[in-house]
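> Residue strings, one per chain:
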Amino acid sequence: MSGPRLSLTDMARRVARDIPSGAYVNLGIGMPTLVGDVVSPEKEIVYHSENGILGMGPAPAPGEGDPELINAGKQPVTLVPGGSYFHHTDSFMMMRGGHIDVTVLGAFQISATGDLANWATDEVGHPPAVGGAMDLAVGAKRVLVLMTHTTKDGRPKILPACTFPLTAAGVVDRIYTELAVIDVTADGLVVREVVAGLERAELQERTGARLAFADDVAELEPGAV
Amino acid sequence: MIDKRVGSLVEAVADIRDGATVLVGGFGNSGIPVELVHAVLDQGARDLTLVTNNAGSGDSDVAALLREHRVRKIICSYPRTSGSIWFEERYRAGEIELELVPQGTLSERMRAAGAGLGGFFTPAGADSLLAEGKEVRIINGRRHVFEEPLHGDVALIKARKADRWGNLVYSTAARNFGPTMATAATLTVVQVREFVELGDLDPECIVTPGIFVDRVVEVGV
Chain A
1 MSGPRLSLTD MARRVARDIP SGAYVNLGIG MPTLVGDVVS PEKEIVYHSE NGILGMGPAP
61 APGEGDPELI NAGKQPVTLV PGGSYFHHTD SFMMMRGGHI DVTVLGAFQI SATGDLANWA
121 TDEVGHPPAV GGAMDLAVGA KRVLVLMTHT TKDGRPKILP ACTFPLTAAG VVDRIYTELA
181 VIDVTADGLV VREVVAGLER AELQERTGAR LAFADDVAEL EPGAV
Chain B
1 MIDKRVGSLV EAVADIRDGA TVLVGGFGNS GIPVELVHAV LDQGARDLTL VTNNAGSGDS
61 DVAALLREHR VRKIICSYPR TSGSIWFEER YRAGEIELEL VPQGTLSERM RAAGAGLGGF
121 FTPAGADSLL AEGKEVRIIN GRRHVFEEPL HGDVALIKAR KADRWGNLVY STAARNFGPT
181 MATAATLTVV QVREFVELGD LDPECIVTPG IFVDRVVEVG V
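Heads up: the sequence lines are chains A and B, in that order.
The UniProt record's numbering puts the first residue of the first sequence at 1, with every later residue one more than the last.
The UniProt record's numbering puts the first residue of the second sequence at 1, with every later residue one more than the last.
You may find that some hints are simply not true.
If you want a taste of the chain A side facing chain B, the calculated C-beta under 7 Å gives, among others [to be verified]:
1. ASN51
2. GLY52
3. ILE53
4. GLU68
5. LYS74
6. HIS88
7. ARG96
8. PRO127
9. PRO128
10. ALA129
11. VAL130
12. ASP135
13. VAL138
None of these hints come from the bench; they were simulated from the model.
Note that the structure is a prediction, hence the values are computed from the model and not measured.
Backbone N, C-alpha and C define an ideal beta-carbon position, used for all residues, glycine too.
Take these sequences, add in the hints, and give me the full structure.
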C-alpha cells in the first residue's frame, strides 16, 4: 500500500507511550512483543507471561539462559530482580481476574463496538487453536490492539461487525495501526491521531466501520513518534 | 513409612490403563515430563485422552504418542505449534478428537477437579464459538459460560526436586501446569531431577505438598 504510514517501530513506540510506569503488562505474541523493546527505560514495567512469569526480562545472551524459561511465544527469556514464578492457574487468575493493567494484542478484525477477533479466521482445514487469548481479552484492565490497518490484500480489518469468530465482545479500548490511533468509545470509533499527510477521507476509505474524529486530532510524524 | 519414590520409569507408569485420561504437564517444550511420556509409550496404553496445553512438536513425547496411534482425544488450548506435524496429520485424518479450551479455562477446570468443585462460570470464551452448547449466565452484567471440572485418571508432571513424601519444588517456568495437574488426578506421577532427604526442602518454599503426589521417580534431568 502506498502513501504515508508509520513503520513497525513507530507503531510500537506509539503504544509504548501509553503504558504508564508501574504497570503490570502482558504483551501478546507477534507484533506486540516489539513494544517491550521500545518502552522508555525510565519506566518501571513488570511484564507478565501467561506460562507463569512476572518480571520477565529480555532474551538471554546467546548460549546462556535456561531452556525452560520461555515466554508465551516459546522464545527464551530471563527474569529480572524481583521477578517470580507461579503456576498456570495463578497466572490466569492474574489475567482473568483483572490484575493485569495493560495488554497489547494483535488482531485479525475489530468491530466498531470493540469486539475482538484474533484467534481464528474463516480458513478451513486448519485445526483451531486459542491459547490464552480469550482469558486475556476479557480480563485485562486495558486492551490495546496493535495491528496493520488492512489485510495484506487491502481489505479493512476495522469493521462494523467482525466476520471471523470472536475472541471476546466489546473489550478493545484503543487501536494502533500504521495509519492512526483510534479509541473505541460508547459513541463508536473516534480517531485521536492520524499519520501526517493522510487525508481523513482516505483513512475512512480504508476502514470498514464509520469513524468520528476528535476535535483535536494530532498528527503522527513517521520516524519521529 | 511413607515413601513415594519408585526405582524406575517402568514402575512409575505401570498401571496406566487403555482409555485413561492422562494430564500431561508442560507449555511448549518447557516442563514436559518427557521421560514419563516415553515410558507410557513403552508401556503400551492406548485409546488415551490427553489433557495438555500443546499437542507436541517434532517426534518426541506427546507427538510420539500421536504418531503411534495411542491417542483418541486431545483436550488442549493450542494444538498448533511449529512442528506439530503428528497432531495435524492425525487430526486431518479424522483419527483424533480435539476439544479446544481457552488456556485459563483448561487450567481452572483442573483446579476445580482438584478442589472438589462442580465447575465454574467464566467470561473467557463466553462470546465465542467455544461456548456453544454450554450454559451461559449473565453475572454482574457480563456473559459467563459454565465450565465443568476436568479430572484425570493419571497426571504426569515434571519437577526439580522431591523428597520421599512427594513434596515438590519446580524449576523456573517449567512449573506451569504441574501444581494444578497434581491435584486433579487419581494417580499423580512425577519425574524429578533429584531426590532430596526429608526436611531438606524449605517448608516455606514447597510448591506442591506431597498429599497431591503418589509416585516420584528420579530421572536426572
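> Indicate, hint by hint, whether the structure satisfies it.
Structure-based check of all given hints:
1. ASN51: holds, 4 Å
2. GLY52: holds, 5 Å
3. ILE53: This hint holds: ILE53 (chain A) lies near chain B, its Cβ roughly 6 Å from the closest one there, short of 7 Å.
4. GLU68: holds, 4 Å
5. LYS74: holds, 4 Å
6. HIS88: Hint on HIS88 (chain A): holds, closest Cβ of chain B at ~4 Å, below 7 Å.
7. ARG96: holds, 5 Å
8. PRO127: holds, 5 Å
9. PRO128: holds, 5 Å
10. ALA129: holds, 4 Å
11. VAL130: holds, 5 Å
12. ASP135: holds, 3 Å
13. VAL138: holds, 4 Å
Checked against the numbered hints given earlier, the structure satisfies every one of them.
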